[in-house]
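For reference, the chains in residue letters:
Protein chains: 4
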Amino acid sequence: MNSNNMEIITGNDYINSLRNRQLKVYLFGELIDDIVEHPMIRPSINAVAETFDLANSEPELATAISPFTETRVNRFLHIAQTKEDVVLQNKMQRRLGQLTGTCFQRCVGMDAFNSLFSTTFEIDKKYATDYHHKFKAFIAKMQRQNLVIGGAMTDVKGDRSLAPHQQADPDLFVHITKRTSEGVYITGAKAHQTGCLNSHWLLVMPTIRLTEQDKEYAIVGAIPVDAEGITYIYGRQSCDTRSMEGGDIDVGNAQYGGQEAMVILDNVFIPNELIFMDGEFEFASMLVERFTCYHRRSYVCKSGVGDVLIGAAATIAEYNGAEKASHIKDKLIEMTHLNETIYATGIAASYQSKATLSGAFIPDDMLANVCKHHVTKMPYEISRLAQDLAGGIVVTLPSEKDFKSETVGHLLDKYLKGKADVPTEYRIRILRLIENMTMGRNAVGYLTESMHGAGSPQAQRIQIARQMQLDFKKQLAKTLAGIDKNQKKVLVNEISDYFGRVFDVKV
Amino acid sequence: MNSNNMEIITGNDYINSLRNRQLKVYLFGELIDDIVEHPMIRPSINAVAETFDLANSEPELATAISPFTETRVNRFLHIAQTKEDVVLQNKMQRRLGQLTGTCFQRCVGMDAFNSLFSTTFEIDKKYATDYHHKFKAFIAKMQRQNLVIGGAMTDVKGDRSLAPHQQADPDLFVHITKRTSEGVYITGAKAHQTGCLNSHWLLVMPTIRLTEQDKEYAIVGAIPVDAEGITYIYGRQSCDTRSMEGGDIDVGNAQYGGQEAMVILDNVFIPNELIFMDGEFEFASMLVERFTCYHRRSYVCKSGVGDVLIGAAATIAEYNGAEKASHIKDKLIEMTHLNETIYATGIAASYQSKATLSGAFIPDDMLANVCKHHVTKMPYEISRLAQDLAGGIVVTLPSEKDFKSETVGHLLDKYLKGKADVPTEYRIRILRLIENMTMGRNAVGYLTESMHGAGSPQAQRIQIARQMQLDFKKQLAKTLAGIDKNQKKVLVNEISDYFGRVFDVKV
Amino acid sequence: MNSNNMEIITGNDYINSLRNRQLKVYLFGELIDDIVEHPMIRPSINAVAETFDLANSEPELATAISPFTETRVNRFLHIAQTKEDVVLQNKMQRRLGQLTGTCFQRCVGMDAFNSLFSTTFEIDKKYATDYHHKFKAFIAKMQRQNLVIGGAMTDVKGDRSLAPHQQADPDLFVHITKRTSEGVYITGAKAHQTGCLNSHWLLVMPTIRLTEQDKEYAIVGAIPVDAEGITYIYGRQSCDTRSMEGGDIDVGNAQYGGQEAMVILDNVFIPNELIFMDGEFEFASMLVERFTCYHRRSYVCKSGVGDVLIGAAATIAEYNGAEKASHIKDKLIEMTHLNETIYATGIAASYQSKATLSGAFIPDDMLANVCKHHVTKMPYEISRLAQDLAGGIVVTLPSEKDFKSETVGHLLDKYLKGKADVPTEYRIRILRLIENMTMGRNAVGYLTESMHGAGSPQAQRIQIARQMQLDFKKQLAKTLAGIDKNQKKVLVNEISDYFGRVFDVKV
Amino acid sequence: MNSNNMEIITGNDYINSLRNRQLKVYLFGELIDDIVEHPMIRPSINAVAETFDLANSEPELATAISPFTETRVNRFLHIAQTKEDVVLQNKMQRRLGQLTGTCFQRCVGMDAFNSLFSTTFEIDKKYATDYHHKFKAFIAKMQRQNLVIGGAMTDVKGDRSLAPHQQADPDLFVHITKRTSEGVYITGAKAHQTGCLNSHWLLVMPTIRLTEQDKEYAIVGAIPVDAEGITYIYGRQSCDTRSMEGGDIDVGNAQYGGQEAMVILDNVFIPNELIFMDGEFEFASMLVERFTCYHRRSYVCKSGVGDVLIGAAATIAEYNGAEKASHIKDKLIEMTHLNETIYATGIAASYQSKATLSGAFIPDDMLANVCKHHVTKMPYEISRLAQDLAGGIVVTLPSEKDFKSETVGHLLDKYLKGKADVPTEYRIRILRLIENMTMGRNAVGYLTESMHGAGSPQAQRIQIARQMQLDFKKQLAKTLAGIDKNQKKVLVNEISDYFGRVFDVKV
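Chains as they are written, first to last, in numbering that gives the first Met the number 0: chain A, 0 to 506; chain B, 0 to 506; chain C, 0 to 506; chain D, 0 to 506.
No lab work stands behind these hints, which were simulated from the structure alone.
The list treats identical chains as interchangeable, and a pair is accepted whether it falls inside one copy or across any two copies.
Computed list of lysine to aspartate or glutamate pairs in EDC-like fashion (alpha-carbon distance at most 20 angstroms, straight line):
1) K376 <-> E333
2) K214 <-> E121
3) K133 <-> D123
4) K124 <-> E288
5) K353 <-> E288
6) K214 <-> D168
7) K413 <-> D158
8) K353 <-> D84
9) K140 <-> D12
10) K353 <-> E121
11) K177 <-> E227
12) K353 <-> E83
13) K124 <-> E281
14) K413 <-> D265
15) K140 <-> D225
16) K400 <-> D32
17) K323 <-> D158
18) K140 <-> E69
19) K413 <-> E29
20) K418 <-> D158
21) K400 <-> E244
22) K403 <-> E29
23) K418 <-> D483
24) K177 <-> D213
25) K353 <-> E59
In isolation and in its complexed conformation, chain A is listed as follows (with noise of 0.2 angstroms):
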């Protein structure tokens, strides 16, 4: 990697370190050569370049001193030191979201450093290994080369009722397949990859609880994204070619998109210092919760773009001159209501964090996934109100170079005025803005990745489920009713850990 001894400042230096990398990506069949000036993928890298930006301009948001380094880093390259440590990042995530109103793709890196740093902890102190001696090595020089990270979770699966081992293929999971005494080789791959082509690092993790007779798939490793063996193919978006006709209006959102890809990993090397976790198969589940629960209340990034499609909402109602409409205003609280929901989900879930025996902080469980289950709602109803106030032009507009002809110009101009002293290409511009949102490329991001981004639906239900505390809830009703009185005192005792969660008066 040329960037390797170079540290990056702003969004301009980050967009240049992604430069002459040697990356083989594929889309639409053909080789990309280069990604920075790609029209469809360069919004991707514009996105995460803010988060660089943003660092300069708000730095108590979007840095944190880091007790590796004892200097300030980026936020999303800190281990969380406090709980306020962890509250902010969610308004750091809801602030990108505003400025971007797509997908920043940085948190699974944040949440992966955040979630291996324990985790690592815990394997060493049960088997005396030496894994986060390493991984704070390797986040020392991530801070201070400022990079970022891409976090390899999401296996391709095959047959989802067999277990990796059990695969017909047995590459359907990523495993290792060779080893030396200078480290391993995996082979695999990994679906979906948000922002994994303007990463300059992968943290290579397994997708699923393991068993023994999976321990080879049982892997964790940090590798340069432009290793040998590994192939990029990139995803499409709903209109993701409108980048590439010119023009800035029909696309909605020029500047910013988002990014996935999958990544065939063909065997990849990982050296012994860049593993972080090799055959210790019963840490898997560990880690895949940790990570699910700080990643889960990341989806607070969906209030910030949220309140992007609640104020293109607003402009288009006043743009048709009927933002006075009772309706109207009452859509826009609801929008608002669900918006604010998500946030402070969020919000809770992060200040209730508690100290892991690493020292970082985790958030409450219980309310990441009430945060990212609201996520996997709250975005599509917010979007359909969008678009009851948008009117059905939305989706019936002609096309920008309509709009610049020489010969139809004057008559769409003339025909699809709305208030009269508002330019009709502002009306367009919005419009297509929520078209964007709600259907269009950010529509990936703003609805699909919100539903199965960190988890489908199920997967938090299934979460909130384990930790219902029925057993608890079930005594207070017993105790009301009049069954089993006499347990009223034990009870106080045996829900100390309710208590913890509840009630953490100290910690």
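We have chain A; now place chains B, C and D onto it with these hints.
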């Protein structure tokens, strides 16, 4: 129009009837030479063609005996003579939704025919005009030639707070600009006209309640689609250009699509014999309300489209090997419950039809509005659930060209395998269909058109409010609460209208 | 039974027919002497009486010509001969809901009559038994005497995971305990039997699918309500004792109420001529499913009750001077939208009725389940909205005795005044009606019975699942996705059943 | 007041402190002699007593160090000094909801204390009055005596479209009727006053925004509950008289209940030192808005009550032998998801507290409103689901007297048996608890009070609207849509308030 004297029988006849017309259609700033062969337009033509083929394969469903020609005619051209006729419109609509998975574009014309039939009858009754007679002749001619009628109602509207005659630009609503002894000339524009290019004739109608000062806007007439003075500007849809990439996978539903365009009328002539309202402004609201009454319940078609999406969701669950999970099954049940609610409320509205003075039957307006109001929400939820079942891969799939590429195609085939006995391509095809219906081209029809077509949600709420008979219901409550006990007798007589609707024991 | 030979004509005749019966009814641990004059029971009798009065005042709605007596009989005793007959059941049900604001208790009997009619026909067809003939004779007798039939289906069930013959106590499902040449004796208990005391006869039926080992449980027969061996224990309802306080305000709906009791059968005799199934265990599921098909759509009555509650909510808004606020109006619209959805789905289910082999018509099962499934939710939301409009005072009102007290009555009159021209008492009466319907006595019928009557929510979901024709829908999706294209032709033949339901062009 | 000089320590002390007061309380038209021993009132007293016992058993949770007394005081009497203090209010509230399953009535006083603390500070700042000083003295006295404070805000309001001074009857809002050198006299009535009889002092406050003409209504002061001139009329609750039947089953929750009464003030005297606002009408809205800000988020208590109901639902599922069905488990998950949403949004509102000028912390108003707005819906849905799990028997159970009857008790014991190893009585007790919480006495607090307490749903929507910062959000959208690009810089400065709320990095 070249097809004037040729009866169209099959879908193929219909497609041929669209060739060689002198239409001025713009798309991407260019004049289109032949819409029939244009890859972005052809799927919408195919969808209309299906309405002809169904008339041949299922004549009980898709045709009826016309009282004007005394022959079997396409049901889309038929004036409903009984409540069964109205119900059968819905059954035909659901079936066509199932067959095309999209909007087949002929309901506007059918609903315009039926609403104008009874409205002209009532204008004539009041003013001794001869609109109804002329309109029947027009209907009979269309039935004999078996042509497609588009209904051009939605004006572009400009400032929504001003009446037509108050607009700064008088053309923001279609109006008469000139009169001769042969007829009138009209100017203005109609927005998002469903299937306009695929029609042979357009019925131009006013879009809102008019006052005396809007008299020149109270014009209804028929014009051939290739009349002099018409310019069409084609509307963009999400992912529309995928049909121009070659291939039939990424497009999702390669055969069928919807169509909406803006129709700009520049002094277009309507001869006297094709004028069906001219200045009787107080009948504009009757026409609009009757049209929306038919049309709101016509959205039962979406239950047919929903059948396809439910089928796609069930298929992907099977391909993923997940179809036996209880939560998966439960989501399919929920989708079905919602989808059948659309169907049932539409059927009930149609079944509760009443004869108008003209003899044509018209649906129950309350239930028609209830039906449409569900259509503004339920497809969105069905769609959300379909994305839930699909998994995140629905928005991160690489392109068809990558799948077919010699370099990486085999990698995708290997790594995107679900259940062992299902070809990877099948899985991809179903995912692309789900993308198409939930975010792509047919999401325009399944979602946003469901929201706004036949009136946006608030329009239904207003109509429900008008008919909710609060005085009757207040009296029911007061009687039971012991207030005004002596009013009970009076009540029964006063609510005859209500009885009419709810208890139409005999017509 | 003293009324056996006397035809009942008016509601008053009916009430008199209930006097002087030898019933063993317990309430608050006491044997009740005369149910007719018991203040807690009388309102439920009044509700049934209304079904007689309606037959006189609106015979088109509430009676029909019986093919067995060839005279006009109460519709609750009529076997549906056409789809219009089935639809008219719903219209009568809504009307009675409007008039009583509660459960009028006769639908179970009507639905039992109809389902048993076709089931006995099919048993006879298989086994050459003569149940159908005997049952027709019974029907004719009931029609001539104009009696009330209760349908006793729901067993107490014990351990839900065990079949009847597996229960520790064999009596947890009703079964035959003894046989003589004259008939059989049965023992067991039926829980929450709607209107049982207000009936003249009970039709005892099994409650679940049975196997060969449950043969002695496969018994259907008619017994008079005052048969030897029956004990009734009256069910409590929320706020039930208010009717014993004197006064007619706090009770909310002084005139009408529902009734449910537990019926305990201790070796009750059924003579041979009144046995309509005996051992044909495999027909138990047919009977249950047909019964629930009719009965689920019978819950359309709740739209009539909903009319009352909507009226009450509109009245209190008016009395509070708040009826013009846009959010108030919008909530009334929402209540109406939900309420009409119940009605419309029921009507559609009834309209799509099909003839059974016996000639009796039965509703569309999918839509009947969709209807009932909405009934398990929508009344709760309508009720919540009614409480919203009522204001908190609905649950903090002082008692009727305080209002009428000489000491503090004037203070309440002064301080609980709303709009100046509305007597305070009117305001209080409407509030008490809302309390009655949302938390009080009639909330039992409007809410909880809506949830569980005719099967709890999950029962509908199971039935929807059985009929959702996923294979047909999968094929629709596959065809459009370009998979298995050559199957399209086959499809049309295979789905005849589906066509039957959706497109019943001809019977 | 007899308890003035005696410090209350235990719940029992508290109960004794309520004895022998000279209160004029009417119930069922009669003057009540001793509220403490009245079976309908005692449960509400027990609920308040629990707040004293909790302070002893869990002092970290339910007490705090007062800056005024420098001793540990009950948290309900504490002025929040930090955001943690505000959060701990919520945790205490949830805990008390769990322990009592009802409304424990002390939040109004706590929230009145806190809002009046900062409001008096700001009045003094403007007018150099000494309200704040006097109020601090009053607080300190209450803390030392450990008394219960009720907050009397809600006037009866009369015609909602008129201001206080415009009402036909001036008493429809509480106002000053006379002034002396010692103080003022007030007249009027406060509706549905939670826990008023169980308080020692009432803080009388205005209920709406006032204008100069309403000056005599701008009065805030403290009065002992047994002051001369006060008449209390007790509010009825659903099923209230069950507690007078003897027995402890049918009542559902025998120990705890809520309390609301109408408080009628007839020239009640307030001495100067207990007047905390007098004529500063423009501060009425500040007081009301701050009070509702605290109080809306105080409804987190309902998540504690929800815990009980979830526990009851899980218990009945177990007793029915149905707890393993996937749909049962899924409903418990849904109930939990909703319940935790209430908790999380409340916690987030509290955590985002800000210091007022007085130093007291106040919650985030947007999130407090989001929390309460969920409370107006979610308990209703949780309650509906609890009834779903309970089965219909929850509303058809025979009476406790029947269960205990020698004649029929054994029959009920036999036939209402669920799972073999669970005593029938346990099953009945849990069902009665569910009835109590969903329709009975505690449904008043769990449902209707959740709807209207601290402001009806529309009040929250108005408050959300005020704070939804549409201009900021519009700008976000315009920037991304390519409109007004040069405004981005300006933006960051203009939204400092927004940053304040969302990103309160440092106070």
